[in-house]
Every structure is written in C-alpha cells, then in structure tokens.
Amino acid sequence: MTNKPIYTSSKLQLLCVHNKIFITLALIKTNYAMVSQLLFLVLLLAAIGLFAYNARKIYRNIRLGKALDRSDRPVERWKTMLKVAFGQSKMTKRPIAFLLHLFVYLGFVIINIEMLEIVIDGLAGTHRIFAPLGNLYNVLIWIFEWLAFAVIISCAIFLIRRNIVHVKRFFGVEMTSWPKTDANLILVTEILLMTAFLFMNAADYKIQLHAGEDVHGAFPISSLLTGLLPESPDALHLIERACWWFHIIGVLAFLNYLPYSKHLHILLAFPNTYFSNLNPKGKFANMESVTNEVKAMLDPSFAPPPPSEEPMRFGAKDVQDLTWKSLLDAYTCTECGRCTSVCPANITGKLLSPRKIMMDTRDRLVAVGQNIDKNSSFQDDGKSLLDDHISREEIWACTSCNACTEACPVNIDPLKIIMDLRQYAVMEESQAPSSINAMFGNIENNGAPWKYAQADRANWRE
Amino acid sequence: MNEEKTLYVPTMAEMVANGEVPDILFWVGCAGSFDERAQRITHDICKILQHVGIKFAILGTEENCTGDPAKRAGNEFLFQMQAMMNIEVLNGYEVKKIVTGCPHCFNTLKNEYPSLGGNYEVIHHSQLIQQLINEGKLKAEGGESFKGKRITYHDPCYLGRGNEVYEAPRKALEVLDAQLVEMKRCRSNGLCCGAGGAQMFKEPEKGKKDINVERIEEALSTNPQVVAASCPFCMTMLQDGVKGQNKEQEVKVLDIAEITARANGL
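Chains X and W, in that order, are what the protein sequence lines are.
Just remember that my numbering sits 88 ahead of the position in the first sequence, which is counted from 1.
Just remember that my numbering sits 1 ahead of the position in the second sequence, which is counted from 1.
Same shape as in the complex, but just chain W:
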C-alpha cells in the first residue's frame, strides 16, 4: 500500500494536445504554486483527485493571479485586467468546472468573474472532499489514524462568512473519528487570521498584538493536537503563530486536504 505512486499532473495545454477533456480544472493559485508550505497542500489535493480517479488538469504557466489581493487593496484596474486575461484562457479551454485550493481564488472566480464573462461551476477543495465522502468514494482508511485526536478547525473568512461554507471542511474532519473541538469564535463568528484584505502583503498597522497571535492563542486554548485550516494564507498565519508560541512540536497546523490525504495513506 505504501509504495509511492507517481503523481501525474497534466496542464490543460497538454490534455488538449492529447485530445482529452478533463472533468475538472484544478486552480492551484499563487500560494499553492510558489509558497513551499502551500505546495505540499497542492500535492495532496492532486493526490486526492488522482486517488478517486477524477480526470483533472491545471493551467500551469497559463494561470495568473485571480486579482483578489489587488481588488481588496483597492486596485480595481489591476483586478479586472487579471480577471479578463484569466477568463480569456478559461473560456478558450471551455472550462466548465473548477476546484480551487484557496478560498480567495474560490470567492473571486465564483462571485466576481461571472459579471466579467467568466461563468464556471466553482468549488473549494473542502467541498470536493465533502462530496467525495458523501458519494462513498473517499473514506478515512489505509493511512494515519486521527482517531480520538483533538482537532480544532479555523474558518477562513472568504470560505465561511464570505460564502457560508461551514459544513464541508467539518465533514472532512468528522469521518476521521477524531475529537472535534470548536473555538469560541467559530463559524459565522470566526476570527480572521489577519491575512485577508491584502494584509498578507504588508506589515500590520501598529497595535497591541498581531491578529494571528490573538487567533492562535484562542486555538491553543482548546488544547488541540491539530489545528485544521483550509486556506494557504491562514496556514501561513497560523503556522507563524504556533511557532511564536513554541508549540511546533505538540501542535500541527494542517490543511483539510493534507489531513484527508494522510488519513487515506496517499
């Protein structure tokens, strides 16, 4: 079971060249493409897709930033330039369905592209995992056991409040038979990790403490073994927070996709 399966991740261009059409386009996103920590999540999303036999492709070098950070920082020009370019590529490949590894890409593609001419069925990877679990295609067996482990889930703003996706990531955790412990501020009351609204790309304004510290203190107060995330920006902020508290040894910060992949021995 443990033999390393080779990961085959074709680009749209490669698929089309072979005369194939993918079931779904995996929108990797900038963090998922370049950030080392997020790349591991990207790998695991691909492993899950491959494991259940979904035919997928990425855009590769044809993928461009969705424009989300530009838009949230007030640069509507740059956002729409990015959006139009991406829409041209996506429409060129006649893409129908997209799964994203990032709630920010998910929100932008799903909500802000349609009025610019980009109409796709867009889901976040936690929703895909939920769907696969519901269909019985994905279980939690054959890999690392999370049974009885204390896991707390951090709601990303653009998945939770932004699009009211609260249940899908929790469903992925429920099948683990783990002990799900909620923070006081969870679901619609969830506290931001501090990275949204283009904060990821700037120093915070002066204040009493950093937002990610406030959040990780709350997460750690639930005594978790795993802090679960589903956004690469939240991942960075939470990971930094855990490091700052010197809890790296005891507490792991893992994405829903990573947990799912591990539980299935992928």
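Only chain X is shown next, with the shape it has when bound in the complex:
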C-alpha cells in the first residue's frame, strides 16, 4: 500500500497558493518596514488627496456667495483670530463647557506634534524619531499622555451631557437624528483615537522595559495600562503596531470625515474669525445699488454708474444671494446651540432658532454644490433657502438683538442671513406682514412709523 498523495489539479493549485502566501508572509516579515512604509505613504497620499478634493468643493461652494470686502484692517483681524479662535475667549462665558472643550482643543493642537513624529516614523520606517531630544522628549510625551487622558474624560462627559443628562442646548427642532449622530460619532472617535494612542505607548513602554534599555519617553498614564497587556514580546509588538496603525488610519479617516461633519469648525474657526465683522454689531451695511437709485430719485441730475451685467436681486432668496462670509459661517457652525439658547424669540417658544438658520444654509449650500457637480452649472431645482428650508415665520420672529452673534464662540452671524432674507421678502416680493407694511406707509407719508401728522412732531413742547 503506497500512500502516495494523489494531487488533483485543484489541490495543486491550492498548494501553490498556500506556498505563495507563505512566501509572501515571509517576505512581509523580513521586509515589514519597507512594505509598511509604502503602505503608509499610499494611505497618507490618498487621505490628503481625498481631503483636498473635498476641500476644493467647499471652497468653490463658499465662493458661490456674493462679494464682500473683508480685506481691510489685517492687524485687527489677526488679533481677533488669535483672541477668539486660538485664545477661545468667547468660550469662557460657560465655564464647564469651556474647561472640557479646552482639554479637547489643546489635545487637538498639541497632540498634533506627536502626529508629526508618527508621520515621519511612518514614512522613514523609524521608531520615535524625536527620542534623541532626550528630556524634552520625555516632557512632551508626558504632556501628550495627560492630554490624551483629559480628552478621553472630557469626551466621556460630553457624551453624558448629550445622551444622559440631556443638556437643553443640544436639543431643538433642528437637532434631528443626523446632527445628534454626528456629534456622538465625533466624540466616540476621539475617545478611540486617544485610547489607541495610550495603548500604543503602553505596549512600547513594556517592550522597552523588557529590553532593559533606557526608556525613551515618560508614560504617566500608559504605564498604568501595562498590566492589561500580555507578556510575550511578539504580542506586545503586534499590539504596539496595531494601535499605531489604528491611530494613524483613524486620524486620516477623521480628517476626511470633517467635510461632511459639523466638526469642520476645528479648521474653519480660524479663517472665520479672521474674516469677522469688525464693525459695531448694531451697524448694518447699506446696499450700494439702492444708494444709487435713491440718489437718482432725489436728484435728477445724478448719473448712476452703469448697472452690472448680472441681473441683480435685492436681498437673498437662496444661498447664492448671501455673501460668501455667510456661507463660510454656515460651514464653520458646529451646532453648539449657544446662539439659540440666548435667542429671545426661541426662549419664548417661537419657531426661530439661529442655529437652524446656519444648519439650513449649509444643507442648502451642499445641495446646490451637488447640483453643480451633476450638471456642471447650477440648474434650477425649484427649491430655495427661503420657504423650502427657512420659513417666513422664522425670519419675522427676529428682534435683531444680536444675542446670537454675541454668543457665537467663532463669530458666526445668523442675523445677517435673516436680514438678507427679509430684504428679499420685502423688496422683491412686497411680502411683509400687513402691520409692517402699514408701518412702511406711515414712514413714507408722515415721517414716523405711527399714524401721526408730521406737522404735530414738535407739539410735545406745548
């Protein structure tokens, strides 16, 4: 009895594949560094490429807005950006949220230094390339670890505030399922990223201890996690690498999630505060096109400049009629609801919510952008920002009190959008509430918003 194996062709093939995989695995093992470097480079370029593609779209969409000059007073603009965005100055009004947000913000800004090391290590196939910095490196890692810990705690508290304690600010008609999911996704992702970062350090620390070399880095938090990890050096290496990859892939994925998320504020808060309205809040811009017409009416000899080519519209019916700054505002909004929580109309149960104004504007702008992507130029879809997203009842409930603009930590101006929509309703459609029309009539006829004769204006003296 011979036990010669009888190979069928399919079995042979399978064996070949097995061999190939084995050989490939061996190659990967020996050339791990090279392959991973290559893989990392491909991932990094793909992530940056995709982000750039989406960022360009956002830039194009913002430029659909009407012109507005915000290039004046650069020194004041830089100062505003440093104070409001970088310095978080307007966040301090709510101390608890300020403190928790500060940890996450500092975590984002400072741990990005660690990201630099991760990217260099990934590309160069090195390990902890900044380690030669010695004591400074230890201090840095020590800070990163504490910040990562603070980020995890803060995000956990944020999740509790949103989902268990139900802080009122996070609810409202506009807070439908997607905005809530978006917020939770961001918080959970941040917790996962920081956890991976800490476990990566924990594994690395344990490897360094086993090797008995001098320890590079200080690990105040992750050293407490080493007990949770296995003893085998191979397993530790695997965990360290897995966490490293999870962290960097997570960060790159998160970067590409931003264009679809309210979390875009981490980038746009800076330009948005730079381009802030620097005038007193009570000052509303005067429409130049109207000035020319009024001048021509009052003075027949006045020759107005030739009208521009494009058919002009007074006020805004759709997002393209808003200024580019209003559109940048919409992309910058992170839906925190500080505006709505101080809005007198909203507090007293009216439909108006400044946060909804911003969210509607972004939603409509994204739809207009997709329309352009599909048709190469915007094709009328029978929809508009006014009426299909924002109702008349909302815009007429505003008292123009500027509580929303004062409250916004990144200087978003919902009031400007409301006023532009009102201008369209009044100047293009003559659709004001009847009592408002009566007020217009009174001003026109007797120079006062009430029905009193102009001749009686100084009668109070008697």
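Heads up, some of the hints might be wrong.
Unchecked claim - Straight line, CA to CA, 16 Å or less: simulated EDC-like cross-link-like pairs of lysine to aspartate or glutamate:
| id | chain 1 | residue 1 | chain 2 | residue 2 |
| --- | --- | --- | --- | --- |
| 1 | X | LYS383 | W | GLU89 |
| 2 | W | LYS207 | X | GLU481 |
| 3 | W | LYS48 | X | GLU550 |
| 4 | X | LYS371 | W | GLU165 |
| 5 | W | LYS209 | X | GLU550 |
| 6 | X | LYS539 | W | ASP36 |
Derived by calculation from the structure, the hints in this document are not laboratory data.
Using the hints, position chain W against chain X.
Just chain W now, kept in the frame of chain X:
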C-alpha cells in the same frame, strides 16, 4: 428751588433765524415726539440740557424717522430715502454734534448715516449724562432721593451689544447712592425687551409667551423699586410687562433721563 422753570426748546430754524448756533442738536425721535410716555422722557432730557446750560435745538417738524424700523424690516429703499432726506437737512444746518433720546436713532445716525454722507458726532443721552457727571456739572442733589433704593437696569440691545455702551447708564445710576442690582442676563448677555428689529410694529409670532413678559419676570426677580431703561421702545415693553404683572404700584419703570432729572429736582 421748586418753582417750575419754563422750558425753552428752540428749533434749528428758529435758532438760525436769530443768528445763533447750538452746541448740540437734540434728535428727539418718533417715539420721543409722539408717544405720550416717551414725551415725558423728552421733556426731562431738555430739562437736563437747560439745567447745565448747554445751548441746544431740535429739528422740530423738519425731523423725520431715521429709517431704522424700515431697515430692520428689510426695506432698504425706504431707509435710504429717509436717511438722505435727514442728511440733507442736517448738513444744511451744518450740524456737528447730535444727542439722541433713543438707542435706535443713535445707532442709525452714528453707524449707518456716514456712508450716505452724514458725518456727525452722535451720542446717546446716557452718554451725555455720564459726561456731565464726570465734568462735575451734574450731581444728584436737590431733588428726589434714590438713596438705598433697589434699581435694576435693562440694557437696550442697540445701546449695549449694538454699540457696547454699558457703563454710561450705570454711571448715571451710581451717583444716586442707590442699590444697583443686576439681572442675571445683563450687559452683553442682556435679554431683548422684544421690540427690536421692527417687532414694535407687529404682533409677535406665536409662542409660549411674549418676550417682554420673560424680561420683566427676570427684572422683578431682583425685587426692584425701579426698573431703569434708556430706550423708549424698551420703556413701552417693560411698562406693559409690569402692568401685566399688576406691579405698577410697587415698581416704577423710569428712563435714565427721568431718574437724573428727578434726582436733581428738575
């Protein structure tokens, strides 16, 4: 001291006819001209001006609505028509300095007229009072004593957030030696009275309650004897609110100018 001084309020036209130039133009505003409650504030502003010897004039029948409610309601045409007409009158009289009795007029004249050709130094009457107190020309003596009285001040949006004038009206109250009690929502966090943005001229949209009720409840929670205002629209809203709560007897709503005039026995 108590003899009623006759109030002399000339118009610009009258002053010019007499070959005189006023130090300041008092922009009365529509509410100050026609609203009965606001007229009393107008009188007191004039009394203060006269008391300290500032030569002032009004435009009288040549004054027109600044256009503020039209602009906030979206009617830019009407606003600019009003503005151009007013600027023509003001420039015709070579007006340099204006004091207003209303934060809305103040904001519009100060911020929105310059780019249409109207450049003036514009102050609100609370700023004038602060200035006079600082210069020692105005004190709180010779009249009603507000010493120890609980006063809470309501920030009008277009004076406060709109133009960051928070200290001037408070200065006018500090000299009274009264007990100033702030509401939780004050200064830059102040809650609107509900009249801004042309709401004064329409019914509110449907909701749980009116904004002025929300505000007056907050004001009354400080247990005040006086709710101080510095805007004729806020005055109407707050007064209505106090009436609605049946607190007219215990709580007075007074303008900064009225309080100042009373404290000085004017």
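Hints, one by one, checked against the model:
no. : hint                : result
1   : X:LYS383 x W:GLU89  : 12 Å, holds
2   : W:LYS207 x X:GLU481 : 9 Å, holds
3   : W:LYS48 x X:GLU550  : 14 Å, holds
4   : X:LYS371 x W:GLU165 : 12 Å, holds
5   : W:LYS209 x X:GLU550 : 43 Å, violated
6   : X:LYS539 x W:ASP36  : 11 Å, holds
The structure fails hint 5 only (numbered hints given earlier).
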